[in-house]
Structure formats: C-alpha cells, structure tokens
Amino acid sequence: MKSVVKSITLSALALGMMSSALAAAELRFTVWTGNQAHLTMLNEIAESFKETHPEVTVRFETIPAGDYTQRLTFQLAGGNPPDAGWMMEDAASTFANAGVLENLAPALNAAEGYDLADFSEPAMGLWRGDDEVWGVPFSTSPFVIFYNKDMFDAAGLDDPLALAARGEWDMDKFQEVAKELTEANDAWGFEFKDGQGYDSRIMHALMPPIRAYGGDVWANQECGFDKPEAIAAVQQLHDMVFTDRSIVPPGENGDFFSGNAAMTINQISRASLMADAGFEWGIAPLPTGPGGEAPVIGQAAIVVFAAGRQKELAAEFVAHMTNEANVAKMAQFFPPARNSVLSSEAFTTSNNLIPAEQMEVVGEAIATGNVLPSHERSPQILAAMRPRVDALWRAEANVEDSLKAVCAAIQPLL
Amino acid sequence: MTARAERAPWLTLKMREAMEAWIFLSPTLIGFLIFFVGPLIAVVVYSLSEWNLLSQQSTFVGLANYDDALFRNPDFWQVVRNSIVFAIGLVPLNMALALALALALSRRFPGVIFFRTVFFAPVVTSAVAWAIVWKFLLQGEAGFVNQMLAGIGIDGPNWLRHPDWAMVAVILTRVIKMVGLNMILYIAALQAIPRDYEAAARLEGASNWQIFRMIIWPLLGPTTLVIMVITTIGSFKVFDHIYLMTGGGPENGTLVLAFYIYQQGFQFFDVGYASALAMIMFVIVMTLTIVQLALRRRDT
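Chain order of the listed sequences is W and C. The numbering used here numbers the first residue of the first sequence as 1 and each following residue consecutively. The numbering used here numbers the first residue of the second sequence as 1 and each following residue consecutively.
All the pointers check out, no bait thrown in.
Chain W side only, calculated, beta carbon under 7 Å to chain C, not exhaustive:
#1 Gln70
#2 Thr73
#3 Ala77
#4 Ala98
#5 Gly99
#6 Pro250
#7 Gly251
#8 Glu252
#9 Pro379
#10 Gln380
#11 Pro387
#12 Asp390
#13 Ala391
No lab work stands behind these hints: they were computed from the structure. All of these numbers come straight from a predicted model, not from anything done at the bench. Glycine included, every Cβ here is placed at the ideal spot set by N, Cα and C.
Build out the structure end to end from the sequences listed, making use of the hints.
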C-alpha cells in the first residue's frame, strides 16, 4: 500500500514538472556586445517582457563582432539557429534573400499600440520588402567626427563643432586642420574608423568623403568609384595620407582613443571608451563637401530566424523590444530610428558622456543621412574590392586608375 | 543433462580472438570512419554540387566547380602560385635553420636546455599572440624591426603593406615560430647516431665537414624525409598565420590556398566550390608527398 502511494506521488510530481517545463520557454538571442552596461539594459527589457509572458526567459548570447555573421551562419547551417538576434546592415540583403529571416510584419501589426510608421522611412529601407519587414533597426548610428579638444587648443584652432556652427566645416577645412594638427602636436591629424580603414573598414573610410562630394560607391547596379566625385574625394584622402602625412598611413598605428590622433570618425556607441580618455573631447558632424551635407549611417537591426522553433514568440519579443518605451531606453547607447524618440528631449539627454548640443548633431544626421550600402553579394564585392583598394594605398598610386580597377572588379558582381 | 556439456563451443578460438580484436579496435575505427572517412567522402560529394551554406540550397553540377577553378578563375592560379612561393620560401629555410640549431644544440654544454627552450617556446606560443606582436613589430616606420634596420642605415620596407614584402614577412615569422619543432626532431636523430662513427672518422683524419657530409647527413636521411614531408604539407595548409597577419592581402599577395578555401566556404557561403578547391589542394599535397618519397627511394 505504502509503495502504491509513493509511486502515485512520484508520478504526480513528474507530471507537474513536465507541465511546467512545457509552459516555460527560453528564447536565445544573439548579440555582438559584451559590454556589461549594454547587457544589463537588454536583460531589463527581457525582464519587462515577463509582464505579458511570465513563462518566457530570454538568454542573450554574445558572439564577437568580427565573427558574428559567420558564426550565425554556422548555427543556421548546423540546424541550431538562435530564435532572434542582431544583424549588421552589410549582411541584411544576403540573409533576407537567402530566405532565412522571418517576416515580422504580422507580429508587429498585431502588437497592441505598436506604430510601425513611427520608424523613419530611410532607416527602414534595408529591412523592408513589399509587405514584409525582415528586421527592426535598433541602432541607426550616424558617423560623426570625434575630436581631441586639447590638440585643437594646442594648435590654436577652432574645433570642428565651432567650425560647423559657422558653416565652415567642409572637406577643405578638414584637410587644412588635419595638417596643422599634425604639425602642432606629436600625433596624427586623423585616424580612420577604429584604425581599420585600410583593412576591414574600407567602406567606412571611403564612404563619408565620397558622399560629401556628391558621389556614391554604387547605385542602381552601377559602380560609382570611377565617377569624378568619388575620384576627387579619394584623391583628397590620398593627398592627406601621402603628401600632407596627416592621416595615419597604412601599416602604422595611431589610436585616437589613446591620444595618438587628433580626430577620427566613429559612432556614439564608442563614446563609452571616452569615459577615462584623459583629454577633452567632443563630437561634431562630418565635414560637408561639394555635394552638401551627406551624413553616413551605420545600422543594425533585430531579426527573427525563420528556422527557429519559437519564431512566433520571438517575433512577439521583437515587438516588445522595439516598442516606443524600450527604443527610448536603448537610445542611450544605440541611436533610434523612431521619429517620436529622436525628436524627444529624452534622447538628447540620454548619454551622460555627450552634451545635449552634441547629441543634436547625432539626431540631425539620422534624420538626413543615408545608410551604408548593402548588397546581396556584399562579401564577394568586398573581397573583390580589397586587393584593388590595397593598390590604391601606395604613395605612387594613380588614384583614378586604381578606382577604375575597383569598378572593373566589382561591376560584374553588382 | 549431460548433452549440454558435450556440445562444441559455438565460437572457435580463432573467431573469438577475431571478435575480441574487433571489439578493441572498434572505438578507434568508428571514430576514424565518422570523423575522417565520412567527411572526406562528404567533401567529394559536396564538390560536385552548388551548395549555398546560408540558404541550404544544393544542386548537382557535376564537375563544373573543378572546371571553373582550373580553367576559368584567374584568381585560383595566383593563389596556387602564392602557396608554392610560400612553400618554397618556408621549407628549405625552416629545415636549414632547424638542422643548424640542432647541430649546435645536440651536444651537452652548460645552458643547452635554456637555448633549446628558447627556440622551442614559439612553437607552443598562441598563434594569435604571435601574430599580434609581429604585426606591431613590423609596422611601417614606427615598427621595432624598421627602427633596428634604420639604426644600421637600412631603410626598411612597409612590411605588411607591400605584396612581396608581406610574403617575406609571413614566411620569416612562420619559420621562427615553427623551426623549434623540426629542431627537436633533428636533435633526437642526431643523438641516436652512435658516437663511435664520428670517433673512427676522426682517427682516419676526417674534417668536420667530411664527418657531416659523409656520416651525419646520410644517417639523418629518414628524419630529413619526415621533416620535409610534414613541413611541406604544413606550408600548403597554412591558414591561421595568414588570417591573423595579413588576411590574404595586400593586393592578394599572401592569399594562399587554405585561406582561399576558407573565403569561398565561410565568407561567400559557397561550400560546393570550397570543397572542390579542397579536393584540388588534397591532390597537390598528395602528389608532392609521393614525389618526395619517390625521390628518397631513388637516392637510397
């Protein structure tokens, strides 16, 4: 009798455990940040999802940015897809065209109070099909100039923010101050983004000046590197590297964040590196050019993977994560694409390292900027470009011929 | 009752022994089949298809991948040329240096262990740390190497930004990293040579060079062959060093086969094409190994 009671109790216990296991769900969400402040904020958003979905936990998995797209591909190919994750703009077309992203439109439209139209139209460009939404941008981060105020003072120069306010911050002025800064300080005048402008960030180095000159790297399946605007822009950079010697040249290190360069181009998420910089600094818009103002925006979105086993639930979480309140929360690190948040005071005061007047620079750039180019065959295009751009970065190189070689290499892929 | 005891055993001794052998061998055999033979066959099958890793779409294309690589893709032959240049630069230099170090360090003298450790340490050093440090040392003007060269009046090149010098730089840094392994193999072989041979030769009035040429070098033959084969195979398979130091650049100057395969498979997601390239590399390495073995047999 005793054993019968015991077995019934055990069975009941097992059944109870099974039912709670069935109800509880865990979403695996891949990100490329390992920054503790970022992860804490993400976990808070996941915690608030429990208000409507008490049984759901979200586990954020960090994959280093350099390996991110590749490791994601392995997980997808290996039948072990994450439920949702971040995605960089250069991978957007490749992944959407391969059919591995889930259409989020039904879940977003079904979410209570969710206003999809609040997202700025240019910011959604990469992530929208006819009626589909392949991703919701969470970071629409324009490139801005970071400058070392101490070095400008030492050279007796007005800083870029002051020059921009007077409408004098253009490509010629940029070249001029970079040269003077190099001469006045024992440091380089300018460093390409993260010092990788000759390697993994070729596009990030070339895009801002080319757009300032009114050109583009490609548009409507036509290569733009060999157009007069792009040639003039790249010629100016080439002169700065090899004639003025004001830009950190290929093969050298000159890190802005450790005080070895007076200016660099980067995004506001890097401001977290400036907390202990040991020098006065600021951010300013990119220099304008003959093409007027042409802010360049780097973008990342949240996507759901079509092969995931809990894609409906994951899509609901994306709707929660990108609602107005959570976008405002994320804005301290990741500039938003929601117009309502962009125009709010909460955004300009969200980053305690950056003064409100400088955050306005970010807001204006988002409103008027263009996202970095993406293409279904981005990896192949970049690989084809790379050796030709290497040849460009030699002192004796003919810029026009080198850029024509770039176009010859990538045109068949466009 | 007694019939049971009289029945012949259902396994003969020979069968039992065979069965035991199979049971003991099976863990290794199963592992070998799953992790070696299986993937090898899979690569052959993949190489006959156009398979996109991302979309998981695969179509059978016969020999089209091989046709494209061998006859239509000009990059492929530059990559093969780079791999050959890398091997020709690395193998003789590595072996000569390993032998020289082994000859110097095979005798016992105070501090010999220290020197062996110094030359072997890079072998066990992390490839990532090694590459980062060398990238730093090989910077254009501010780099330690060029500053040393400037000290003796030489204007050093921008090592990692010029396609030819970048190849020289990856070869030299790879040799320094890996020479310790071959040095240890040579030291072991040298210590296995009986001292009597050398003593007898000296009595006959042989010079150091004659002793090396006529006694030591021939006796090192089998070791030299092993070292040559593994170093050649290793040089064709080099990946991490290139990935970390140059990423195949500049101007594709250090784009070698293994890196090119990685690029096709894991950056462009074209697994079929990458598999065909891997099969071609397999054939090249296999042919070189057979040629080396044949040459060795002819010599003996």
